[in-house]
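Fit chain B to the known structure of chain A by using the hints.
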Amino acid sequence: MYNFNFEPVFAGFDQLLLGAWLTIQLSVAAMIIGLIVSIACAAGKTSGIAPLRWIIDAYIEIIRNTPFLVQIFFIFFGLPSLGIFLTPNSAALVALVVNFGAYGTEIIRAGIESIQKGQIEAGTALGLSKLQVFRYIIMKPALRTVYPSLTSQFIYLMLTSSVVSAISADDLAAAGNNLQSQTFASFEVYIVITIMYLVMSVGFSTIFSAIEKAAFKYPLSR
Amino acid sequence: MPLIRPFGINEFWIIVLAAQWTIALSAIAFAGGGIGGLLIALLRVSDAKWPRLIATGFIRVFQGTPLLMQLFLVFFGMNILGFAINPWLAATVALTLHASAFLGEIWRGCIEAVPPGQREAATALGLRYYNRMRYIVLPQALKIAVAPTVGFLVQLIKGTSLAAIIGFTELTRQGQIINNATFSPFMVFGTVAAVYFVLCWPLSVLARRMELRFSRATAR
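Residue numbers (numbering that gives the first Met the number 0), protein chains in the order written: chain A, 0 to 221; chain B, 0 to 219.
Hint data in this document are derived by calculation from the structure and do not stem from the laboratory.
Note that CB positions come from ideal geometry on N, CA and C, so glycine has one too.
Mixed in with the good hints, there may be bad ones.
[Said to hold, decoys possible] Computed list of chain A residues with no C-beta within reach of chain B, every gap over 10 Å:
| id | residue |
| --- | --- |
| 1 | 43 |
| 2 | 93 |
| 3 | 158 |
[Unchecked claim] Label pairs and their calculated CB-CB ranges:
| id | chain 1 | residue 1 | chain 2 | residue 2 | range |
| --- | --- | --- | --- | --- | --- |
| 4 | A | 28 | B | 59 | 23 to 29 Å |
| 5 | B | 133 | A | 85 | 52 to 58 Å |
| 6 | A | 56 | B | 83 | 44 to 50 Å |
| 7 | B | 115 | A | 83 | 54 to 60 Å |
| 8 | B | 201 | A | 216 | 42 to 48 Å |
| 9 | A | 127 | B | 117 | 45 to 51 Å |
[Said to hold, decoys possible] Where chain B lies over chain A, by a calculated footprint (3+ residues, C-beta under 8 Å):
| id | stretch |
| --- | --- |
| 10 | 68 to 74 |
| 11 | 99 to 111 |
For reference, chain A alone in the conformation it holds in the complex:
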């Protein structure tokens, strides 16, 4: 019978907590930048300029049909041959932003397309500028509509970010790998880390639904 030994895991628990904090920082940063990329791409895709739409479509299809691990290998190992050198941590951030951007674009595009044309025309008729129409008439209700998909995509991003440990970027999974090689208590380390990821994803979805309740109090229709 195997004897579980959790003592070394809890002795190195501060390392794991630091790792969890790095994972949170990395995923939040990737989400914020990725959201900007998504909004820009969704705006480009719905702009009606054909070549722009083709480029964005190609980007989305390539990212959504290849594994994240291969994307991060390509960015970290492949880009230096084009003269672009990235540290593991910045390569991880770039890869997560590029990955989230593709999924986020499709989510936000769906939100933009749910806005009725009459609303946009009404906004223009009221004398709002193009930017104002985009900001207040299109984006605000669109973001509300797609809020649930965006938040579950964020949690998926946080879970995916564990893969960045494969290029030795700093995060929770990497902290676990280090602790595992120091203590040889592999199973114990990974079970604790898995529980930490579970706690983070439950925690984030609780926070997101609290934000939803606070931010979207105004009525949707009469």
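This is chain B only, laid out in the frame that chain A set:
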């Protein structure tokens, strides 16, 4: 013999042929996950409380933790249970469990999308659980389930790349090996990505078409 060999046509074919392991792993995990997923979905829509709670817990755990950690846990957990370390078996078991949870959740939604009147009518006609599910509910749920299931298959194929991290030589791991020998990461990982794209893109397009056709067919 030079230490670093160039990336040539042989290296290209070694990578392309490694896709067979990715396909095999995906196929086994999908088949196993199909059986497990059906079980989870049925437990999840059960009238009894405990089966429902167990299925919900199973789904929550697998959807709330990274696939990489699931692979590590099965990999090291099998060692604890007395099995020899075997990346092939570990990857198969982990991906099967992962697919069971995701397919279970997808199919639960499809079963619940069948109008409740169908089940009630079947019960009124005297059909017991097995016949009700087998002849009334599941065939109707199947129609709804096809498109999202194909969509999940794409996610599963991409997920098999993580088996490379525990040392199973499939497409991505073969890419790493070739990259260590040729040191032309741009070509190697570009090729690996292209092979995944060739596997996944047709399925993505198929899923999207089926979804569109289904939403047209059911639109009132």
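Here's how the hints hold up against the structure:
no. : hint                      : verdict
1   : 43                        : 20 Å, holds
2   : 93                        : 15 Å, holds
3   : 158                       : 4 Å, violated
4   : 28/A x 59/B: 23 to 29 Å   : 27 Å, holds
5   : 133/B x 85/A: 52 to 58 Å  : 55 Å, holds
6   : 56/A x 83/B: 44 to 50 Å   : 47 Å, holds
7   : 115/B x 83/A: 54 to 60 Å  : 56 Å, holds
8   : 201/B x 216/A: 42 to 48 Å : 45 Å, holds
9   : 127/A x 117/B: 45 to 51 Å : 49 Å, holds
10  : 68 to 74                  : holds (count 5)
11  : 99 to 111                 : violated (count 0)
Hints 3 and 11 from the earlier list are contradicted by this structure; the remaining hints agree with it.
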